[in-house]
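Student: Here is how the chains run, residue by residue.
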Amino acid sequence: MKQEDTTTPEQPRPPARLPLWANPRIGLVVLLIALIALFTTLRPAFLNTQLTLVPMQADISVYAVVGLSQLAVLSLGHMNMAVGRMAAMSAFASGLLHDRLDAPLILALAGGLAMGALLGALAGLIISRTGVNSFVVTLALDFALIGLVSLLYASFTDGVAFNGLPAGMSALRTDTFADYCAGDVCGPEIPLLAPIALVAVLVVGLLFRWSRTGREVLMAGSNAKAAELSGIPVRLRTIQAHALSGLLAGLAGFLLSANNGAFSAGVGDGFLLPSFLAPVLGGTLLVGGAVSVLGTVLGTAITQVIYKGLNLLQFQVDELKLYIGLVLLAALSLDRLRHVLAERRGVPA
Amino acid sequence: MTSTVESTPTRAATTPAAAPSRLRRTVRTSEFTLVALAVIGFVALTLTTDGNMLSAGTLAAFFRFLAVPMIIGLAQMVVLAIGQMNLSVGVLTGFCAMVAAWAMLEAGLPAPLAVAGAMLLGAAVGLGNGLLVVFTRINAFIVTLATMTIIDGLRYGVNGPGTYQDYSAGLEELGQASLFGLPVVFLIACAVAAMVWFFFARTVPGRHLLASGGSPFAARLSGVSNDRSIVLAHALSGLLAGVAAVLTLAQSGSVNATIGDDLLLPSFAAPIIGGVALAGGVVSVLGTSLAAFIVRLVDVAQAQFAINRRWVDLIVGAVVLGVVLSGAIRTKLSRRSS
Chain A
44 MKQEDTTTPE QPRPPARLPL WANPRIGLVV LLIALIALFT TLRPAFLNTQ
94 LTLVPMQADI SVYAVVGLSQ LAVLSLGHMN MAVGRMAAMS AFASGLLHDR
144 LDAPLILALA GGLAMGALLG ALAGLIISRT GVNSFVVTLA LDFALIGLVS
194 LLYASFTDGV AFNGLPAGMS ALRTDTFADY CAGDVCGPEI PLLAPIALVA
244 VLVVGLLFRW SRTGREVLMA GSNAKAAELS GIPVRLRTIQ AHALSGLLAG
294 LAGFLLSANN GAFSAGVGDG FLLPSFLAPV LGGTLLVGGA VSVLGTVLGT
344 AITQVIYKGL NLLQFQVDEL KLYIGLVLLA ALSLDRLRHV LAERRGVPA
Chain B
160 MTSTVESTPT RAATTPAAAP SRLRRTVRTS EFTLVALAVI GFVALTLTTD
210 GNMLSAGTLA AFFRFLAVPM IIGLAQMVVL AIGQMNLSVG VLTGFCAMVA
260 AWAMLEAGLP APLAVAGAML LGAAVGLGNG LLVVFTRINA FIVTLATMTI
310 IDGLRYGVNG PGTYQDYSAG LEELGQASLF GLPVVFLIAC AVAAMVWFFF
360 ARTVPGRHLL ASGGSPFAAR LSGVSNDRSI VLAHALSGLL AGVAAVLTLA
410 QSGSVNATIG DDLLLPSFAA PIIGGVALAG GVVSVLGTSL AAFIVRLVDV
460 AQAQFAINRR WVDLIVGAVV LGVVLSGAIR TKLSRRSS
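Those protein sequence lines, which keep their order, are chains A and B. Residues in the first sequence are numbered consecutively from 44, following my numbering. Residues in the second sequence are numbered consecutively from 160, following my numbering.
Please note that a few of the clues may not be correct.
[Claimed, not checked] Which chain B residues face chain A? A few, computed with CB under 8 Å, are given here:
#1 315
#2 361
#3 467
[Claimed, not checked] FRET-style restraints, in silico, Cβ to Cβ:
#4 B:349 - A:91: 58 to 64 Å
#5 B:420 - A:381: 34 to 40 Å
#6 B:283 - A:150: 51 to 57 Å
#7 A:84 - B:322: 37 to 43 Å
#8 B:420 - A:329: 23 to 29 Å
#9 A:90 - B:321: 25 to 31 Å
[As the list claims (entries may be wrong)] When the alpha-carbon atoms are kept at most 20 Å apart in a straight line, the in silico SDA-like pairs for lysine to any residue are as follows:
#10 A:268 - A:256
#11 B:491 - A:171
#12 A:268 - A:379
#13 B:491 - A:173
#14 A:268 - B:318
#15 B:491 - A:174
#16 B:491 - A:198
#17 A:268 - B:331
#18 B:491 - A:168
#19 A:268 - A:333
#20 B:491 - A:256
Worth flagging that the hints you see were computed from the coordinates, not collected in a lab. The structure displayed is predicted, hence computed values, not measured ones. Note that beta-carbon positions come from the ideal geometry of N, C-alpha and C, so glycine has one too.
Start from the sequences, fold in the hints, and give me the full structure.
Tutor: Here it is in structure tokens:
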């Protein structure tokens, strides 16, 4: 048992260049390609565009945004246990705007995003004001919102979903760029949801890499006290990171509603597990201070490829869970091993 | 019954001179607030339902369905004591219950063996969680997230979507039996809670566990093995989930693969309302049990007044937030006054 790991402070390591195999993203890409090759050999239908690839891209789009929503607070070392319910509340807001005010697509989306950001900011405000653990606050918020969402749907709709959809939303579900042609040239078979998710990925990536706010959030996550002493408004950054998480949860809720074809109370029910799975597989730590946006996207892609592949091999839904859990454990243990090996190589003998 | 690393429960201070300050200290504890809240809630519910709460049937049902939430809250509490989390408690309860029912019906084992098996299975899975955390050094939240997914699949694998019932007449009789007007399952839960309290307050491994949770570094310097504490806490959590599985088998009479799905969030709600710190080092058996009692009161109120089931979640969420906020305000005030 390596007890020293937890107790002794880490030795300052010389900034040795890590070998190529120690880059976690490359490992993920290799794993992704290996998985795709494996499933294609077992079931050639895996590369069928209509049957597999297009729906899979839509799913990856939705869950990549879900993963980013969690990543936004993992950057602080916080958690957001209410991702699913924030998504449900924003879907409700979008649905209500369309149902009562006849809002067009873009306004409904904006309303939903505002609702998500507001809920996230509320969580961030409570956390930064009271200093209570983010897990507790968002868990309690999740509890409260579970109740609120069903009550709201019960009083504003006939059942658990809004009837109508804004014009253009069903196109998001069914169409790919191949349906839009300029003359003889048609787009690739990519669902219309994908570019929306891509924009989210780019914005979050740029935010954490280049923007002052993003860097300060990471610093606050790495060491809140040092950040505070360096003049970083830690409280404000906490609120902003949680608001971003809520905003992205809202976007994920909208994308899933588009994918499902309805604003319903069930949106976001299954978000919690994937929201952690993707960033953690992608190498984002729970302690804060470091994020990997690209890793999150790769993590999402791997999970969805496994889901789709095992689905094609006719595994039951609950068997899928077993294998996803095992893959997660194996991937994390390997990652740990890689770390240990890389550290050993990095330290000159 | 709050046990912290710094201050052991004070039983010695009963001199008359210390009485007023001791009284004030008692009133200020979060347990006292919870007792007051529980009593007020119970009385209010009794009055508003014209005494229906006190009828034998309602009262027995109230306590019978309190047993499992109490034990599940404690199962989460032991892991919170070392500053970690166990997301697999709920599904593990369901898995143990399904395996025990399978053992009785399909493998033909007698009920006592199946009961022991369920508890052993729980402890073994918990042990596995603990060993994984210690050997891989991965955050317990992530490890148990992964094992939760795995156990979820296994739980379904026992009997698919089917339901097991009529597994043991003796066990079901036990679930319905009463002693001194209280259901036996509730008394068992109380006995288990008392044992957990004894473990943390009076035994060496229990104190070590709290020390590891309070400050791993200090614990290590004092010769406490943090790894052993982590493994022990997870094993104990699994064992308690196994106990909850047995109680579920006894009181419900039929089990299927959805058992335990609705236990994860309440498992956190009870210790958090009960004043257990997520950072570790603090446990409160009484607080956790009282919190489960209060949540149960909300449940019964919903049934009595035929309110939408969803109000319960809303209210429980609001209560947890309220408790957390008032706790934060209280610490701020006491820091200012001192």
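Student: Against this structure, judge whether each hint is valid.
Tutor: Now the hints, each set against the structure:
1. A hinted interface residue such as residue 315 of chain B counts as satisfied when its beta carbon comes closer than 8 Å to some beta carbon of chain A; here the least separation is about 3 Å, so the hint holds.
2. Hint on residue 361 of chain B is violated. Least Cβ distance to chain A is approximately 26 Å, over the 8 Å limit.
3. A distance limit of 8 Å between C-beta atoms decides the matter here; for residue 467 of chain B the minimum to chain A is near 6 Å, and the interface restraint holds.
4. Our hint of 58 to 64 Å for residue 349 of chain B and residue 91 of chain A holds, since their Cβ atoms are close to 59 Å apart.
5. In this structure the hint that residue 420 of chain B and residue 381 of chain A lie 34 to 40 Å apart at CB holds, the actual value being about 35 Å.
6. The hinted range of 51 to 57 Å is satisfied by residue 283 of chain B and residue 150 of chain A, whose Cβ atoms lie roughly 55 Å apart.
7. Checked against the given bound of 37 to 43 Å, the beta carbons of residue 84 of chain A and residue 322 of chain B, roughly 39 Å apart, stay inside it.
8. Look at residue 420 of chain B against residue 329 of chain A: about 25 Å separates their beta carbons, and that is inside 23 to 29 Å.
9. Remark: the range hint 25 to 31 Å for residue 90 of chain A to residue 321 of chain B is contradicted by a beta-carbon distance near 37 Å.
10. The straight-line distance between the Cα atoms of residue 268 of chain A and residue 256 of chain A is roughly 17 Å, inside the 20 Å bound, and the hint therefore holds.
11. At most 20 Å may separate the alpha-carbon atoms for a hinted pair to count; residue 491 of chain B and residue 171 of chain A meet this at roughly 14 Å.
12. Pair hint residue 268 of chain A plus residue 379 of chain A does not hold up; C-alpha atoms about 28 Å apart against a cutoff of 20 Å.
13. The hinted pair formed by residue 491 of chain B and residue 173 of chain A meets the criterion: a straight-line CA distance of about 9 Å does not exceed 20 Å.
14. Taking the CA atoms of residue 268 of chain A and residue 318 of chain B, the gap is about 52 Å. The hint is violated against a cut of 20 Å.
15. Straight-line distance between C-alpha atoms of residue 491 of chain B and residue 174 of chain A comes to about 11 Å, which keeps the hinted pair within the 20 Å bound.
16. Distance restraint check for residue 491 of chain B and residue 198 of chain A: the Cα-Cα separation of roughly 40 Å exceeds the 20 Å cut-off, and the hinted pair is therefore not satisfied.
17. With a CA separation close to 56 Å, the supplied pair residue 268 of chain A and residue 331 of chain B exceeds the 20 Å bound.
18. About 17 Å separates the Cα atoms of residue 491 of chain B and residue 168 of chain A, which keeps this hinted pair within 20 Å; it holds.
19. Proximity of residue 268 of chain A to residue 333 of chain A is assessed by CA-CA distance (about 17 Å); at most 20 Å being required, the pair is judged to hold.
20. Proximity of residue 491 of chain B to residue 256 of chain A is assessed by CA-CA distance (about 29 Å); at most 20 Å being required, the pair is judged violated.
Hint compliance for this structure: hints 2, 9, 12, 14, 16, 17 and 20 are broken, all remaining hints hold.
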